[in-house]
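Enquirer: Listed in order, the protein sequences are those of chains P and R. With my numbering, the residue at position 196 of the first sequence is 196, and numbering never jumps. With my numbering, the residue at position 5 of the second sequence is 1005, and numbering never jumps.
Everything labelled a hint here was simulated from the structure, so no lab data went into it. On a predicted model such as this, the values are computed, not experimentally measured, just so you know. Honestly, I wouldn't trust all of these hints.
[To be verified] Looking from chain R toward chain P, a few residues come up when the C-beta cut is under 8 Å (computed):
#1 L1164
#2 I1165
#3 E1171
#4 A1178
#5 I1179
#6 I1184
#7 Q1253
#8 Q1255
#9 G1256
Note that CB positions come from ideal geometry on N, CA and C, so glycine has one too.
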Amino acid sequence: MTPRLELRSITKRYPGIVANDDISLSIMPGEIHAVLGENGAGKSTLMKIIYGAVQADAGEILCDGKPIPAHTPAVSRALGIEMVYQHFALFESVTVVENIALSVAGSFDLAGLSRQISELSNRYGMPIDPQRRVHDLSVGERQRVEIVRCLLQTPKLLILDEPTSVLTPQAVQKLFGTLRQLAAEGCSILYISHKLDEVQALCDSATVLRNGRVTGTARPKETSAHELARLMVGAELPEMHMSPAIPGEKPVLSVAALSASPADTYGVDLKDISLSVHGGEIVGLAGVSGNGQAELIALLSGERTLRRSETIRIDGKPVGHLNASERRKLGLAFVPEERLGRGAVPTHALWENAVLTAHRAGLTRHGLVDRSRASNFAKGIIERFKVKANGPQSTAQSLSGGNLQKFIVGREIELAPKLFLVAQPTWGVDVGAAAFIRQTIIDLSRAGAAVLVISEELDELFEICDRLYVICQGQVSQSLARSRTSREEVGLMMTRTERSERGEISMGRDAIALQN
Amino acid sequence: MDLFIAIFTGTIIAATPLIYAALGELVVENSGVLNLGIEGMMLMGAAFAFWAVIAGLPMPVAILCGALAGVVASLLFGVLALTFLTNQYAAGLALAIFGSGVSAFLGRGFGSAPIDALKRIRIPGLSDIPVVGPMFFRFDPMVYLALLLFGLITWFLYRTKAGLILRTTGESPETAHAIGYPVIRIRYLSVMFGGLMAGLAGAYLSVAYTPLWVENMTAGKGWIALALVVFATWRPLRVLLGAWLFGGMTILQLQGQALGLAVPSELLSALPYIATIVVLVVISRNRQILALHFPASLARPFRPAS
């Protein structure tokens, strides 16, 4: 049988770095093939080469046994190769259906396409409203749009780059069902992920990359997770160290009966939210994106302020009316979900990005930036947090996602915060870096800081949190002790009132009632 | 009544060159390119159209000459800004100065005699209806063409796939490239369209509006067109209304001068520019709307990843 896709000795060099070095792999029709590797291992470059967005320096790509001439994304799509980017290829100023229309050949029939999108997205349990502007969608919702866009094309080869990081366990199972069904129909799937359990559950074969080279191939279903991780990281993964939490007596952060209407048209109303975080503990906020997290984060970080100042308190002090800078003075540090744009200025150097929030840590003199101190501060973060960068002069955008995240987390932790607010700490970050970031967060809390982690990754929340809240449609649940709840229970609470899952709601309530 | 009709028709005519130039620039900017050289392209269009009339070419051919001169001028900008990725502000300003120089050089041979202006149409029956006839059915063909183009451009931008591609290229050329659209070619085409429209605007000035050659006869209309596009938040209907506002103020201040108002004439002459900008600033204050319609990649050079 001819492979659907075959790579022969693909090599791609960038100034100062070999992104892909002599990579070969092949995928049969209907095969689900995993590409595993840490960030910076060359996975993304390889995917772009396969899709034609980037040209290889050497090597050959064959589709159904024939070399692909003059390879561009358009050629790929004509051959039936579709790709879901990790950083989404969506236009923000236009609607979902217009975005999808741009990559669909044929007549320009928005009404018909809208119906198709609604139907397809509901069938696969990923409901999206085709008329909404992408600008107003959360990361998770944008990913659904990307996946639905590809499925509309009935592809022959589907490339998915970390597709499950924002889905509930139930939605992941649904997606896997979809992917298996697609594979059974003959579609080949190239699945990029760092979640070993998912790769083991889904994929028939795997190619492991490290530093741009193939370090091994495996049959994930027959190989241990430990062995796969070793191939990826090249060393043993660090064990997570977590001592029991000793929460402080008074809450560092307390939110009481917070209600707010959204700033933009498609936002979520927050309804009567109460929660508290004590020093020395890590509290998680679980939920499918687009259920009010963005609105809540903006209010907690001070990006939006409230008239009623006593709704939010830090160390007992009413702060609702204070802006982000004033709250930071009280000991708040914040790592936002969007690294580039909110967490760091893409085109600025790391030392300049350090000054943005750490200027209070003695980086200014007489109101002027002290360059050498700022530079040393950035250098310190790079060393302590093992950030792969050329130095404080590198621009934020030149770093891989995981490395920039380590830098931003490092910058905030260096401020020795009393209250640490972090959204999606390991979104798109590889295993090694994610483990490091999680351990750093644990250490910070055990040193006495109050930590609130807002994440859509249940595995992560269950790994590091002492208590959990669940947010759904702007409402926050009662606090749940991690030791007394389960992924399934939280997963059901996350989708409590979603219409498409009504069948599961009653089930969920029963299950919870039984457990009680 | 006659005065009202005179002001109304005067407004429509005075607005016409702005409609051409601003709608052209609107398309260019929607693709993410900022061409500041409208004034230069308009002057080239004006000079070449005027030259063609003097050379004895028929009127439609003369107007076409003006349009083509605009396209050629815009290509100078295109090569600099899109192929060589020079700073778009600098390239546009250079084009504005270059166009004014070339047109002045050409114009030295034109003399000061007026030419026969573009004929106004007469539709038997319609043009003779009292009031309505002179208000709507006695303009020259280029006035109607401008309105037709307004409709076509609005339809193109918001109702066709090509228009959607153009707008999204302006938001994120990187994404458009990733999906597989030829960003540079799209931008070249829109820059050329902008040149064509600016050329038509210039031609209208020299062969219809004031059929007489005067150096720098655009008198800053290219810059006003540029401001119109920004303050109209990149939407065609607002461009049209802004152009009419400018036209109206132009005619009103002329009437005011004729009536001998006790206001310095220089101040009156400045009125249309001030009024247009003030009104447009006021209506474009809604930040959310501005952010939504602003072509996010405006004036940023794009090099396809390789």
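Enquirer: Decide, hint by hint, whether the structure agrees.
Expert: Hint by hint, here is what the structure shows:
1. Interface restraint check for L1164/R: the shortest CB-CB distance to chain P comes to about 6 Å, inside 8 Å, so the restraint holds.
2. Checking I1165/R against chain P by beta carbon gives a least distance of about 6 Å; that is within 8 Å, so the hint holds.
3. Among the interface hints, the one on E1171/R holds; its C-beta lies about 5 Å from the nearest C-beta in chain P, closer than the 8 Å criterion.
4. For A1178/R, the interface hint holds, since its Cβ comes within 8 Å of a Cβ in chain P; the closest pair sits about 5 Å apart.
5. Below 8 Å, beta-carbon pairs count as interface contacts, and I1179/R has one with chain P at about 5 Å; its hint therefore holds.
6. A distance limit of 8 Å between C-beta atoms decides the matter here; for I1184/R the minimum to chain P is near 13 Å, and the interface restraint is violated.
7. Look at Q1253/R: its Cβ only gets to about 38 Å from chain P, farther than 8 Å, so that hint breaks.
8. Because the closest C-beta pair between Q1255/R and chain P is about 42 Å apart, greater than 8 Å, the hint is violated.
9. A hinted interface residue such as G1256/R counts as satisfied when its beta carbon comes closer than 8 Å to some beta carbon of chain P; here the least separation is about 42 Å, so the hint is violated.
In this structure, the earlier hints numbered 6, 7, 8, 9 are contradicted, and the remaining ones agree with it.
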